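Each protein sequence line maps, in turn, to chains A and B. Under numbering that gives the first Met the number 0, the first residue of the first sequence carries the number 0, and numbering increases by one thereafter. Under numbering that gives the first Met the number 0, the first residue of the second sequence carries the number 0, and numbering increases by one thereafter.
The set of hints was computed from the structure by calculation and includes no laboratory data. The structure presented is a predicted model; accordingly, all values stated were derived computationally and were not measured. Possibly wrong hints are sitting among the right ones.
Unchecked claim - Label pairs and their calculated CB-CB ranges:
| # | chain 1 | residue 1 | chain 2 | residue 2 | range |
| --- | --- | --- | --- | --- | --- |
| 1 | A | N62 | B | G185 | 41 to 49 Å |
| 2 | A | S36 | B | T253 | 19 to 27 Å |
| 3 | B | K17 | A | R200 | 42 to 50 Å |
| 4 | A | Q205 | B | I179 | 34 to 42 Å |
| 5 | B | S121 | A | Q205 | 55 to 63 Å |
| 6 | B | S7 | A | R200 | 32 to 40 Å |
| 7 | A | G307 | B | E279 | 31 to 39 Å |
The C-beta atom is built at its ideal place from N, Cα and C for all residues, glycine as well.
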Amino acid sequence: MAEAATEPAAGQEASTRPFPRPAADSPAIHVSQLTKSYGPTVAVAGLSMSVPRGEVFGFLGPNGAGKTTVVKLLLGLARPTAGEGMLLGSPLGSLEARRQVGYLPELFRYQGWLKAREVLALHCRLAQLERSSWPEAISGALRTVGLTERADDRVASFSKGMQQRLGLGVALLGSPRLVLLDEPTSALDPVGRHDVREIVRGLRDQGVAVFLNSHLLAEVEQVCDRVAVVDHGRVIAAGRLDELLARPQVRVRCTGLGAVAQQQLSVFGVITDAEGWLTVSGIDPGRVPDLVGAVVAAGGRVYEVDPGQQTLEERFLQLIEAD
Amino acid sequence: MATWVIASLTWRELVRRKLVVALLALTAIVIGVSGWGFSRVPHLHLGGHPLTQGEVHTAAAQLLLLVMFMFSFVLALTCAFLAAPAIAGELESGVAQGLLARPLRRRELVLGRWLGLTLTISVYTVVSTTLEFTLVRWTTGYWPPQPIGAEAALLVEGLILLTFTLALSTRISAITAGVIAVIAFGAMWLGGVAGAFGQVFHNAAITNVGVVTHFLLPTDGLWHAAVYAMEPSSFAAAAIRGLNSSFESTSGPTFWYLAWVAGWLVVALAVALVSFESREA
């Protein structure tokens, strides 16, 4: 990892200044103490994180947590108040960094008066792709996002979902090494969401890092290698999904247990009782039969046992409530 | 290079969205109607006698100045309406974020937009005024003394307002930038009228209002430069006798005034570029 250079101001292109040549093994994203304030409001508070190349990284948080601000800081669309960072070994916001990045904005708006093919051609030019590679790049992007048959239609005639698909196609142009997707499925139907998951998995297979900014937890859970949960501009939890959800639990639907009996069961884990379901969090999965035996021995009648893993949504809500 | 991509995109947008066609069509209508009016001038009578050639030229010059005054106003509005959303509108809609995530310098975006709009305004101004001058000559025989100077003054007047509005557009919303630009244009025109009154009544303070406005935002000053280039010498003589108005000018612009205008244009464009460099998208 090259040393992070002083941050360029929003719009100042660091490529005009010398900076270390990006190392091939530098992380896709590395930021240190990244902070962004708007007057007294702190949108991002000392964010530090590193995303290796080829990883699908989920960036989760409730509305207003600062997720989109972080994406804008990464791309140089906004200027950090403090902190620094690199994208693919180049300073945040530098032309060199932006040459290797694909981006689907949260507000996916493209020139409505252009045809889909023309929007892609415009971005081929701006991404400085070899002209000879345009036809293949454009047809490949259209094919990937399922817009081949609408390639010659004006964007203004597209539904929101189709515009988001087009935005995804724009982000995939030019073989980027890092793709930033800001709420990439917000306008898509279930088929479109499935397609996006497949595209993200395909990118990972090609060694492309994906920074997935979303609050649609089920999707993040299905495709991300690691996640960070942000709230009020700071990371409140981060790690691999299996680490983050490493709180095995079992739910037992039973009747006939008094408060004392429930307290005795706390040797198995943290007990919560709601709507006829006894939830035991943190239990060793090998002790589930012992738990059931203990419930029966205490006079309880067992109807159902659900050894379910905590979902990301449950963990997310837990983290946000605790914050 | 990216500057030309944005300039070309801007031109294509205005063509594709039929703005260029609309401008040319409206120009054709105005020229057609005014052409009919000019064609009647040689057949007018004054005191029971047909107009002399000199009187025809005088009447044609007066009518031409009126038509071009309207054109100047339309040009100013067009410049304000085109430039106001050029940056602010892209930011508000979210289109700019997609562009700026590419290896595109912010100054390239602003300069590209300015070049594309300048090209459009230049085509509109040159085509419209050339057609109008040609029509006037064909119907009445009157030909402005300095047609190229008049076209240049009108074009630069438009570019001044366009650049001013574009600079505003890098910082404030499209609607606010447009309103400020139109009001500023109107205020400068009023300042010019006030200055003319000051000259008539030999009031230095009021006269200075006109002088200041000609420097502050040199649209009215350039309009007077255009008037001087279009009017016959008899109008200038009348203006010198104290009848100066928005439709007469005593003299052409000095070298130093033109230098001021050029500097004003360069500084306004530089302000637009620098302003957007530090703007958050």
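Against the structure, the hints:
1. Roughly 44 Å separates the CB atoms of N62/A and G185/B, a value that falls within the hinted 41 to 49 Å.
2. Evaluation of the 19 to 27 Å hint for S36/A and T253/B yields a failure: the beta carbon distance comes to about 51 Å.
3. Between K17/B and R200/A the C-beta distance comes to about 44 Å, which sits within the given range of 42 to 50 Å.
4. Separated by about 50 Å at the C-beta atoms, Q205/A and I179/B break the suggested range of 34 to 42 Å.
5. For S121/B paired with Q205/A, a C-beta distance near 47 Å fails the hint of 55 to 63 Å.
6. With their beta carbons about 37 Å apart, S7/B and R200/A fall inside the hinted range of 32 to 40 Å.
7. Taken as a hint, the range 31 to 39 Å is violated for the pair G307/A and E279/B, whose Cβ atoms sit roughly 44 Å apart.
Against the hints set out earlier in the document, violations occur for numbers 2, 4, 5 and 7.
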